[in-house]
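Novice: Going line by line, the protein sequences match chains A and B. Here the first sequence stands for residues 1 to 149, where the numbers follow our numbering. Here the second sequence stands for residues 150 to 395, where the numbers follow our numbering.
Zero decoy hints are in this set.
Reference excerpt, derived from the structure (chain A facing chain B, CB under 10 Å, subset only):
#1 Asn-45
#2 Val-46
#3 Gln-47
#4 Val-50
#5 Val-64
#6 Ala-66
#7 His-68
#8 Gly-72
#9 Lys-89
#10 Trp-92
#11 Ala-100
#12 Thr-102
In silico DSBU-like pairs for lysine-lysine, Cα to Cα no more than 30 Å straight-line:
#13 B/Lys-238 / A/Lys-140
#14 B/Lys-310 / A/Lys-82
#15 A/Lys-140 / B/Lys-310
#16 B/Lys-310 / A/Lys-149
#17 B/Lys-238 / B/Lys-310
#18 A/Lys-77 / B/Lys-310
#19 B/Lys-284 / B/Lys-238
#20 A/Lys-11 / B/Lys-310
Honestly, the hints are just simulated from the structure, not real lab data. The structure displayed is predicted, hence computed values, not measured ones. All residues carry an ideal CB built from backbone N, CA and C; glycine is no exception.
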Amino acid sequence: MNEPRREGSVKVLVPVDGSANSDRVIDQLLAELAGGAALELVLLNVQIPVDSGHARMFVAVEDVEAYHREEGLQALKSARNKLDAAGVKYRWHVAVGHIADTIIRFAQEQGAGRIVMGTHGRTALAHLLLGSVASDVSRKADVPVTLIK
Amino acid sequence: MFEAALEPAFWVSVLQIIAIDILLGGDNAIVIALACRRLPEAQRRQGIFWGVVGAIGLRVILIFFALQLLAIPFLKIVGGLLLLWIGVKLLQPEEEEGHGNVEGSTHLIGAIRTIIIADAVMSLDNVIAVAAAAKGDLGLVVFGILVSIPIVVWGSKFVLKLMDRLPIVITFGGALLGWIAGDMFLGDASVKPYLEGQPGWLKYLSSSAGALLVVIVGTWLAKRAVRPRPPVEVVASGAEGGKDHE
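Just need the whole structure built from these sequences, with the hints factored in.
Specialist: Structure follows, in structure tokens:
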């Protein structure tokens, strides 16, 4: 499934939430690529599951998945546009789960050598109340994490 | 109700009802959105609107009956036990099984029906909890529901995010349900006569015991239920771009 890795390139997991901050992450990576870095980009958007057993009782599982997919693609859109415009090769995924936890596990499953992400997401209010996913990830991940402000 | 609005007890009950609605109703809004997904664009708004109206109407009626039932001796004890169970259940990790079979309807009436039925079934726990917190006052229930609707309908994403980031909120919700249950036991028509002349702190003792019970039992069961974790659930993937594709 995975394409053969280019010699010496580092697989970079890039969690994206569609915020301006994620755009800056992409800018930073494009700058690194332009500087000659060999990076294999893997974009990831994580959707929080709608899985109280109740919701699943009344809505077909395909509908729930389609919903997560649509929301995920929406969140990935801006980052993908930037990469497409720059002609950069990348893979993208939409996953469902607890956000910080899923990022860390996906990085392990994909064998990523590095995680690059923004320090804050879409809303300032959420950040204030909830703390940042980024700080959780940087604390718990077992590969280097680069945070972009 | 207006004089009552000056009493702190009124606001405590209102806050309890709002907290319950948010904690136990956060996913209702998503079911509404999902039920209307397959409707043509023009009808989607209508479906959501009438679905919400119907669901609220039905919920007020259910709570009305619950309030009547709770006046009957022993039923508050049964209700209290149910609440303890709901609280413990709130603290359990989600089951993966039990997938839906109701299709997102392509007809307006079908979508509205799905919303109302889903809301009624999904809200039974909510109904019991709200009826308990309201202590017999339907006006309070209506007020609480009106305040929480905007939060549930427009804030559902935030509620989900809140629970994702701060699991302690859920523990707090379980404790709240236990607290209300403890209070409910003492309010039962069969128990009340024995409480004449007893000190007022008995109420708080019973509530605290309920809250503690839910948190301890709930956390213990949740710890036991930890299963080996499956790989990350990926719902969409793709590979893109590169100059070699263009």
